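Enquirer: Okay, here's what each chain looks like letter by letter:
Protein chains: 4
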Amino acid sequence: MNFASDNVWGVAAPIMAALEATRLGADGAYGGDDLTSKLEARFSEVFERDVSMYLVPTGTAANALAAAAYCPPFGTIFCHGESHLYYDEWGAAEFYTGGAKLESLAGDGGIVDPGMFSDVLDYFRSGARHRSTPSLFSLTQATEFGQVYSLDQISTLTGLAKASGLATHMDGARFANALASLSCSPAEMTWKVGIDCLSFGATKNGVMGAEALLFLDGKAHDDMEARRMRGGLLMSKSRFLSAQLLAYLADNLWLEMAGKANDCAKVLGAGLARSKEARLAWPVAANEVFAILSNKQDQVFRDAGAIYNPWHATGPDRVSVVDDGEILVRMVASPETPMESVQELLALTIK
Amino acid sequence: MNFASDNVWGVAAPIMAALEATRLGADGAYGGDDLTSKLEARFSEVFERDVSMYLVPTGTAANALAAAAYCPPFGTIFCHGESHLYYDEWGAAEFYTGGAKLESLAGDGGIVDPGMFSDVLDYFRSGARHRSTPSLFSLTQATEFGQVYSLDQISTLTGLAKASGLATHMDGARFANALASLSCSPAEMTWKVGIDCLSFGATKNGVMGAEALLFLDGKAHDDMEARRMRGGLLMSKSRFLSAQLLAYLADNLWLEMAGKANDCAKVLGAGLARSKEARLAWPVAANEVFAILSNKQDQVFRDAGAIYNPWHATGPDRVSVVDDGEILVRMVASPETPMESVQELLALTIK
Amino acid sequence: MNFASDNVWGVAAPIMAALEATRLGADGAYGGDDLTSKLEARFSEVFERDVSMYLVPTGTAANALAAAAYCPPFGTIFCHGESHLYYDEWGAAEFYTGGAKLESLAGDGGIVDPGMFSDVLDYFRSGARHRSTPSLFSLTQATEFGQVYSLDQISTLTGLAKASGLATHMDGARFANALASLSCSPAEMTWKVGIDCLSFGATKNGVMGAEALLFLDGKAHDDMEARRMRGGLLMSKSRFLSAQLLAYLADNLWLEMAGKANDCAKVLGAGLARSKEARLAWPVAANEVFAILSNKQDQVFRDAGAIYNPWHATGPDRVSVVDDGEILVRMVASPETPMESVQELLALTIK
Amino acid sequence: MNFASDNVWGVAAPIMAALEATRLGADGAYGGDDLTSKLEARFSEVFERDVSMYLVPTGTAANALAAAAYCPPFGTIFCHGESHLYYDEWGAAEFYTGGAKLESLAGDGGIVDPGMFSDVLDYFRSGARHRSTPSLFSLTQATEFGQVYSLDQISTLTGLAKASGLATHMDGARFANALASLSCSPAEMTWKVGIDCLSFGATKNGVMGAEALLFLDGKAHDDMEARRMRGGLLMSKSRFLSAQLLAYLADNLWLEMAGKANDCAKVLGAGLARSKEARLAWPVAANEVFAILSNKQDQVFRDAGAIYNPWHATGPDRVSVVDDGEILVRMVASPETPMESVQELLALTIK
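Which chain is which? The protein sequence lines are A, B, C and D, in order.
Position 79 of the first sequence, counted from 1, bears residue number 79 in my numbering, the numbering being contiguous throughout.
Position 4 of the second sequence, counted from 1, bears residue number 4 in my numbering, the numbering being contiguous throughout.
Position 210 of the third sequence, counted from 1, bears residue number 210 in my numbering, the numbering being contiguous throughout.
Position 187 of the fourth sequence, counted from 1, bears residue number 187 in my numbering, the numbering being contiguous throughout.
Treat the hints loosely; a few may be bogus.
In the DSSO-like style, the derived pairs of lysine-lysine whose C-alpha atoms are separated by at most 27 Å in a straight line are [claimed, not checked]: (1) K219(B) to K219(C); (2) K351(D) to K296(D); (3) K276(C) to K296(C); (4) K219(A) to K219(D); (5) K162(A) to K219(A); (6) K219(B) to K276(B).
Here are some of the chain B residues that sit facing chain A, going by a computed Cβ distance under 10 Å [said to hold, decoys possible]: (7) G75; (8) Y86; (9) G91; (10) A92; (11) T97; (12) F124; (13) H130; (14) S132; (15) C184; (16) E188; (17) A250; (18) R279; (19) W282.
No lab work stands behind these hints: they were computed from the structure.
Keep in mind that this is a model prediction, so the values were computed, not measured.
Every residue, glycine too, gets a C-beta built ideally from N, C-alpha and C.
Start from the sequences, fold in the hints, and give me the full structure.
Expert: Rendered as structure tokens:
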């Protein structure tokens with residue numbers, strides 16, 4: 001019963017098979033190999049537009065490079081105050097940009113509130129002589145609270161951003177889960193609703209360790225080569241990243257896996273919602289469940305060996321009132337999570 | 001009728017005389033001169049404790065060096081969301097620290113709310129695995145809204161900071177104005193209430209251009225020599241900074257000037273408070289007046305040639321409700337501001 | 001006949017098998033897994049001393065983190081002018097340190113000349129008021145020209161470094177090749193000869209993509225956690241790095257592979273040395289061959305499909321005189337390089 | 001007898017008078033004042049071309065901002081290995097660029113050798129895949145060894161730089177001294193020989209503390225506003241910098257002062273050259289004398305109270321052979337240096 005995170009799990013069989021398939025032989029190093037070329041072409045297909053691709057080993061790296069691509073050292077990046085970019089990367093965006101400011105926005109369930117965003121943009125315009133220049137807006141899809149932006153919500157926010165001259169970035173650490181949830185196309189969820197640049201996550205969804213920074217804005221981003229290298233992020237045997245992602249994108253594997261994780265989370269969420277000593281902090285929209293448990297229920301789960309993380313219930317956001325005797329917890333499903341574990345956990349709910 | 005800022009004005013006669021007095025002759029460059037040694041000793045007298053002093057040409061430089069002294073690149077600095085450090089230095093603290101995160105706090109009139117500070121510190125402690133390490137707390141005395149922290153208020157906040165292992169910094173761009181307002185000693189307003197480090201401002205108070213970063217914590221800060229030099233902040237003819245500050249601290253000049261500016265602001269504030277078409281957003285505590293004017297009153301002032309700045313009334317803080325037909329403005333007094341200008345302006349208030 | 005680099009090749013079977021063995025199931029993310037703990041213990045065994053280990057995806061990352069561990073933003077790192085750290089990482093060390101200076105040293109075959117190093121240290125001490133503080137010395141073993149420092153040579157250089165208060169780092173991108181060449185123990189080649197910190201390379205020697213930064217100095221380097229994370233270098237599924245390196249270190253695999261590559265290079269070098277139209281720029285000491293070919297010989301090789309890189313013959317060093325009609329080339333052997341390829345190439349040498 | 005440096009001296013009377021003249025009254029802060037506008041126009045006159053001007057308090061600041069204007073974090077700056085930019089600013093250029101690499105060049109007397117520069121550029125082009133991108137060339141006029149580039153020498157070097165796509169910068173800490181030495185126009189010594197950007201120094205030549213970064217390339221450098229502010233380099237009462245420089249440029253004051261300092265150095269140099277126990281390391285071309293003294297002569301000078309600095313005779317350059325029993329020293333003249341001091345010193349030379 002491990003619901004700690006989707007990245008505590010392993011690797012899907014076709015991904016590992018793809019690594020084995022390219023195990024031997026020589027090909028170009030540092031991305032100069034055939035598989036990497038194929039992968040870039042494949043991404044262009046998947047996104048119905050020519051993309052520029054930069055492979056990196058982690059999602060934090062993709063986010064930070066995206067930040068550096070659009071935000072100068074003296075710029076400001078706007079993002080949710082509980083986003084990964086803001087709070088969980090130990091200042092990676094600040095590092096890669098050379099000291100940009102991250103300005104936190106709020107909104108229920110990790111979804112940026114457009115009214116607040118608009119107010120903050122106004123604030124920056126007024127008397128802004130020596131303020132860090134507004135440069136980039138970043139949102140996370142699915143959010144850090146397992147919510148999924150609708151296409152309209154994305155459009156509204158990117159519209160505000162672009163009206164103020166900002167570029168737009170999507171942190172897609174759980175891109176596939178969001179896509180499976182919305183049942184739309186990758187293009188529809190990104191550039192068609194105003195997204196310039198995407199951190200295309202895969203590791204949380206059954207991949208060993210491979211992420212892609214994708215530029216969808218049709219512009220050159222030549223400095224990325226340098227920034228990735230000096231970040232220590234350019235893997236010499238890049239073909240082993242490309243092999244993972246080619247297999248991931250083949251035969252609908254990525255969406256099947258995301259769907260499986262989402263379904264698992266849905267069952268888990270529904271079960272908890274029915275129980276007397278638990279309720280959902282937010283509806284389950286992707287592969288994460290945020291539940292408020294009574295301390296008693298929490299103890300029962302823990303005693304039975306269930307693994308999951310308590311969550312901070314008092315952000316700048318404070319979206320959920322956790323009463324005395326309660327705890328907010330996060331439970332995450334991965335493609336590999338056994339449905340049996342979910343059933344086992346739900347069997348422990350106090351009726 | 002120029003109330004735009006205290007730094008639009010000039011230089012007090014004794015300051016200029018001190019420059020003239022050291023105009024000729026040779027002495028050590030880069031701070032190796034007699035006046036600089038004397039000044040450091042003088043500061044130790046004034047603060048009743050051995051201080052380490054680093055002269056710099058601007059207050060932004062002092063703040064940014066203080067940030068770098070206590071906060072690593074992967075650290076967090078807590079400060080008010082409308083502080084100079086946060087919003088008006090184009091990311092100087094981010095630059096000098098090498099990419100630290102500045103976390104904004106709120107509170108009426110620029111005074112950090114201790115409850116909110118405490119909540120945010122708790123938030124950082126919970127699930128904080130990859131968050132930028134809490135490192136420094138900075139407050140501004142007097143605040144950017146002309147308010148003055150009481151000694152108790154400072155103690156409370158530095159107590160919270162130190163309980164979380166943070167160092168503490170005071171941005172004293174208007175240090176003398178606050179001191180004159182509280183009628184306490186420099187020691188009482190700083191290290192005796194838990195301040196480790198002070199940006200000692202002087203330029204806004206009748207000095208040409210000289211600020212001092214003062215460490216009051218009794219610790220060595222050897223890296224400051226390097227950081228000041230590589231910031232391009234070490235003036236080769238440093239004796240001309242020291243001469244200014246020695247004259248500033250002599251014969252009570254600094255406090256007299258601050259008192260004069262404060263008095264001027266008080267008269268201005270009291271006069272506006274009495275008028276029908278204006279009210280104060282906050283009480284006048286130092287040398288700044290924040291007033292809410294009717295648009296009509298504003299126009300009358302402008303038409304008569306008065307100079308002052310509109311202020312953003314909708315910060316994260318939104319401390320003051322400005323109704324339709326009103327405007328929030330800032331009027332600042334300096335030691336050089338003629339009381340006649342104040343009277344002239346007040347004569348224009350609509351009865 | 002691909003001799004372009006050792007990182008154009010693939011992955012040894014036991015390494016891939018180790019990945020497969022840990023493919024499924026849940027374990028701690030971000031290095032909190034069993035395999036990672038085991039690996040750190042294993043490294044302590046291998047190095048006969050408690051080491052602190054930080055896994056990273058690339059050698060550039062290991063080098064840059066090592067630089068940041070010992071060198072402040074205002075410091076100087078001394079290294080060979082043709083070292084990877086200096087010239088081939090697009091400023092990674094400058095980036096991770098926050099703007100340190102890299103001071104280039106010279107010496108034949110990439111081996112730092114102790115006389116020159118000593119002179120440069122003297123130069124820094126004289127009139128050094130505003131020079132970037134000497135902080136770290138880094139050498140590469142085996143060097144970028146395939147040479148191997150003797151233990152005495154390392155001792156001499158680290159002795160000079162330590163006498164000037166510098167820390168010492170070894171870039172061990174080809175650590176195993178050097179070790180196999182010297183037939184000494186890992187401890188003997190590192191901390192016993194004054195090395196504080198090691199970039200332990202593996203990727204060039206049959207591993208997919210896993211490197212370890214090892215601190216051998218017995219000191220805490222707590223900032224590394226933060227710096228690795230903000231560099232985007234902490235892989236969430238770290239167990240897949242650890243699995244690779246555990247297999248690498250098991251059953252003498254790493255040294256066998258390095259020995260195989262070295263042998264291959266030796267045969268290649270000996271064959272070229274015998275030919276009329278080629279000579280060695282330096283003796284073959286590890287798995288790299290630097291040969292000076294006549295243009296005619298070069299053309300014959302190229303026409304037959306041989307792959308290798310021309311090398312710059314005129315560094316600050318200019319160690320090798322390449323005459324008109326000649327070219328300096330680098331040929332690299334990996335554990336996977338077929339000895340048949342070597343024979344095929346040698347058969348093309350002009351008698 | 002103080003020949004330690006030109007910046008140990010004071011301020012010319014007309015400069016101080018100009019400060020006094022603008023002492024009182026209100027004008028725009030942060031450069032929004034009349035004098036600053038006038039100064040920019042004056043510079044355009046002096047340089048016979050529209051210049052963009054950024055005032056800063058130090059020459060190091062001007063150099064570092066120039067570096068950031070043209071060189072990205074992943075770029076390389078080429079400059080003499082004994083230049084101020086390279087060795088005497090504690091890594092300011094590395095800091096302001098965000099981690100660029102400074103590549104040292106050599107050449108007698110601080111004059112970059114074009115052959116070596118050309119070789120290094122070639123080296124960067126060969127196999128340069130992951131090298132910090134060549135971006136900027138910087139030279140110092142007059143050099144750190146008191147030499148003055150001829151216009152042809154500047155043209156040759158800027159020609160090489162531009163052929164490789166580099167921008168060009170002149171560190172003019174002693175610009176006036178060089179100009180007085182060459183008897184040419186500011187335009188002839190800068191943009192007419194290929195200089196894009198100039199650190200216009202004044203502090204070493206009788207000014208209190210004011211330097212100007214001048215862009216002569218006709219391009220916008222909008223990021224300079226931000227970079228200057230976040231460097232803590234924007235003085236709020238900027239009119240006091242402008243007043244200094246307007247007086248400096250008025251009535252030929254700057255060139256008269258430089259001429260006076262140069263003359264003084266010439267007399268000093270000629271006298272030393274005639275003595276038995278001293279010789280010149282380089283001819284005197286501006287206001288600095290580099291002399292090789294016998295230890296005996298040095299002692300005689302010191303005993304009589306003469307102040308000057310020993311100089312490192314063994315740079316990467318090692319241009320001057322100092323024999324046993326000798327010492328290389330630097331003696332600098334300023335406009336304020338009394339000719340009597342020179343005569344007094346020369347009277348002490350051993351016949």
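Enquirer: Now tell me if each hint is right for this structure.
Expert: Here is what the structure says about each hint:
1. K219(B) to K219(C): holds (23 Å)
2. K351(D) to K296(D): Roughly 12 Å separates the two Cα atoms, so the pair holds.
3. K276(C) to K296(C): This hinted pair holds, its Cα atoms lying about 11 Å apart.
4. K219(A) to K219(D): holds (23 Å)
5. K162(A) to K219(A): The hint holds at about 16 Å.
6. K219(B) to K276(B): violated (54 Å)
7. G75: It holds, given that the least Cβ distance between G75(B) and chain A is near 8 Å, below 10 Å.
8. Y86: holds (8 Å)
9. G91: This interface hint holds because 5 Å falls under the 10 Å limit.
10. A92: holds (9 Å)
11. T97: holds (8 Å)
12. F124: Holds - the Cβ of F124(B) comes within 10 Å of chain A, reaching about 9 Å at its closest.
13. H130: Holds, about 5 Å.
14. S132: holds (5 Å)
15. C184: Violated, because the Cβ-Cβ distance from C184(B) to chain A comes to roughly 31 Å (cut-off 10 Å).
16. E188: violated (32 Å)
17. A250: violated (32 Å)
18. R279: The hint is violated - R279(B) has no Cβ within 10 Å of chain A, the shortest such distance being about 21 Å.
19. W282: violated (17 Å)
Hint check: violations occur at hints 6, 15, 16, 17, 18, 19; the rest are consistent with the structure.
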